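Peer 1: Here's the letter readout for the chains.
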Amino acid sequence: MTIPILILLFPLLAGIFIWVFGSRILAHVAKVGVIATSISCLLSAWTLYYVSNEGTVQFVFWTLNSEDSAILKVGMLVDRLTAIMMLLITSVSVVIHVYSVRYLEGDPGYARFFGLLSFMTFVILSLVSSPNLFMLFVFWQLLSLALYLILNFNYSHPDACRNAFKTFFVHRVGDVSFLLGIFLAYKYFGTLEFNELFKMAAEKPRVISLFSGMIDMSAVTAIAIFIFVGAMAKSSQFPLHVWLPDTMDSPTPVSALMHAGIINAGGFLLNRLAPFYALSPDTLHIVFLIGVLTVLLGASMMLVQNDIKKTLGFSTMGQMGYMIMECGLGAFALAIFHLIAHGLFKATLFLGAGSGIHASREEPKLPYSSSHEVEEKKSSNQLTWVTGLVVTLMMPLFILMVAHDMLDIHLLNAHGAVIFLFFSWVTVSQVMFSLYRLQAVDSWKVACTMIGALFFIVFIYLWAGEEFTHFLYPEPGVSHSFFVAAAFNPRVFDVIILIATAFILFGWFVVYTNAKGQKIFISDWIVSVRKQMYILLINRFYVDRFYVRWSNSILRLAEKVAHRF
Amino acid sequence: MMIDNQHTVTIILALFPLVLGILLRVVKISFSNLKYIGLATIGVLGIILVVIVEADPSTQFLSFAVLLSGFCALFCQEESQQDSGSCPSSMITLGFTLGTLLCHGLVSRLFLCGLLGYAAFSLAREKNRSFRTTLIIIHFIVAIILSLSSALGGDSLQMLAGLFLAVTFLPLVPFHLPFVGMIEGVKGALSSFWIVVWLAIGLAELNMIYPSLSTETLFVISLLSLASAFYSSLAALGQKQSNLFVAAATVAHVSLVWGLLNIFPNFPSWGIAFGLAIAFVLGGICLVFSFVRQRYGWTTIGKLPGLSAPMPRFGTMMVLLVSLALFLPAFPMFSGLILMPTGDALDVQLTIIFLMFIAVWLAGGWFFLQMLHQTAFGTARTDVPYTDLRITEIVAVTVLLLGAGYSGLLY
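Respectively, the protein sequence lines represent chains U and B.
The numbering of the first sequence is the numbering used here, which starts it at 5 and goes up by one.
The numbering of the second sequence is the numbering used here, which starts it at 21 and goes up by one.
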């Protein structure tokens, strides 16, 4: 079963071919890229089928030293997780290749772009099929470099250069931490192979003593945290999120590839190491906390954007926060499901945005305001509030009850049920808020469509998530053990849920009373907080500015040192 | 008898380019002839090194690196007043370096003294000698005295002299001034050659003294290397002069060699390969800078941005070199892991290695990319008559790149 090797080889060979002969066969470079990735995509589909039926496939191509204990092995690990990721990557890559054929027509860097796209596809595919931390790290690095080069596609454009630099540097912050995690993993457990590492970490827990024994820390926790920082940088988690919203100067296909593929690397890494993370509940709680912060910041910053691509960028940040949050709750398989759904959805949105931008460049009058006027009444009526109430509060509970009977999801597992309710409430509240801003729920037709669509989507999501969990972790008890490891103190969790619910209800109450023209007592300082929040959000919580100031002071110090060197 | 023969061969091997260099300096020969004589000499020396000389693998590897670098520095040169003097100079340097690396005992030390004296003489000829230059010359004199006394003195003196020479040639702050002075002062492509020469001798010195370094000494060295890494990384970040930038970046990466000594055992297995990878990559960057300097008189980074558009070959070479430079610190990490015993790590070691990587790798990412953005990327000036790199120049840089790849990844 050597087909998985071909999945990697085709994009690699296409990349090399385009790099060497690109200038001579300019008219055909796109064909080379499209054909290579299409073949890889078909082979990925076949590999997924094979792995689902026959089990995991593993190869070792080369070891650095001949001993069995060689730590630097070059090979492939193709399990269900890898096979799914390969199919996702190659299919998104094919779409982006095809889309780019006309999008970049006439660009002087046409061949370079297709060469880099094929190379990047190869790197991501190799990353997801790495059998050990060493190989994964190597391709993790190459991914940073390839991303930097492709973001620098318009290298004469100062903004594109600056943002590519920022992206690479933020990723490098994560890479240093990741490398230290690898160092510690080998130092304490003597292996970098995934399965051996999980086994060693479970069987022989080790303790790191810091400051001459003043602080004792589990080695698994330390390693997991260091590696997580690497994942944070790639998946744009707070406070390493600053690179993502500014990478929109690259061509739209690059944005699509980045938001549908590259940014998922962090989520993939956590999933690959899920059994390792399950050994460290403290780390999972930190992962959850970072995810929550990123969701809140990403979603709130998205609300104040007026640029279509930047809005999508912040939306991706929020979605990545959700994905990491799911990992922190032990729902690793759900995170992968989320990753796939988001990847396909966001690639479509970006490519659509690219077409929209192109069209509006050609026809400055677009969009025509007259044809986009909403025919329904502008003011919110009773229907808006009923719809909102049904969607935000009743529907998640109803679905949960149905799911309990139809899908055999045990409500006794209260933790999972509460997670689901929490997610549903937050998500649909966000949807309602967006629709409320657009005044789009003032007809029975729209309201029913919305409730029906959301009901369908959430129900399917729940069903697919459950099925997907069984597919990804077929061994009995494995996925449950992740949930157990991630379990919070029930009281803490209840308090979080209660506060979130109270906020949602309060928000509805305020919006409703305002819409009805009724005055409720709200202290002036709370009203002023709205404006302050807007300023804070439009300035991205001043995180970027803080980094810029910090780097400027380092540069000033560097100039002084350089003068004396 | 066999050992004596070998010793004689190595002395002849070192004397051959040395005498040739002196002759070429005296006799008037056309540039193209000079270049061919130089390249042919290096070729012959390479063959002799493979066929006749029996040195240990590390020494042989270091000698090859020096020859390769010398070949690149000569091969890319074109006729100019400046370059006609560089061929004899590189032959003399090559002779002293091979003598230092391949010979043993007092003879090796004599060649080293010759190299130090030659370097000091080059600096002393400067018209506007500063206090800094005087300090460097004093440093060279101390190094010469210690070098000679180590060959004649006892073990402790040998150890002390070896350590001093090692931190001078494998430069650590505050012993970096001679290295920086040489790289700043040497003209054209020779600066690239000097980087490889300097580091090769430093690696050989460290290789000699490494077995006798005590745990306490290693700990002190690791602290010094940490300070050196932070200081030189900052210097590279703020540096505007091209050669000084390369010098600072080299010192920053060399600090990693010293810093990892305390963590990874068996220095020759990982350290020499890593040290040479640094030398080749930074030497390559220096070489590419020299091409731009030769064309436009450019020495300040940032004055001539956007070169990728009018000089695509330059852009490609620079991107490849910087790409390799960005990942240099990862090379010893993985080759060192293979050798490292597993078990509990000391918290001090962990802290040092973490800080070391922050200083070298993180800051390296910053200063290399900043340099790339200030030279290759951005908007090109329209008032400059651009000419792209010639084939010989591309070949020279490619050879150094391949050398770095082989040394860092495969050796």
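Wrong hints could be hidden among the right ones.
[Claimed, not checked] A few chain U residues facing chain B, derived, Cβ under 7 Å:
id, residue
1, Y159
2, C165
3, F169
4, R176
5, P279
6, E563
What the hints contain is simulated information worked out from the structure, not anything from laboratory work.
Here the structure is a predicted model, which is why all the values come from computation and not from measurement.
A virtual CB, placed ideally from N, CA and C, is assigned to each residue, including glycine.
Peer 1: With reference to the structure, classify each hint as holding or not holding.
Peer 2: Do the hints match the structure? See the list:
With 7 Å as the threshold, the beta carbon of U/Y159 comes within range of chain B, its nearest partner Cβ sitting at about 4 Å, so the hint holds. Interface restraint check: U/C165 against chain B, minimum CB-CB distance 5 Å, threshold 7 Å, status holds. Annotation: interface hint on U/F169 holds; nearest CB of chain B at approximately 5 Å, less than 7 Å. The interface hint given for U/R176 holds, since its Cβ lies 4 Å from the closest Cβ of chain B, which is under the 7 Å cut-off.
At its closest, the beta carbon of U/P279 sits 20 Å from a beta carbon of chain B; the interface hint therefore is violated under the 7 Å criterion. Satisfaction of the interface hint for U/E563 is found here, the shortest Cβ-Cβ separation to chain B being roughly 4 Å, below the 7 Å cut-off.
Hint 5 alone, counting from the list given before, is not met by this structure.
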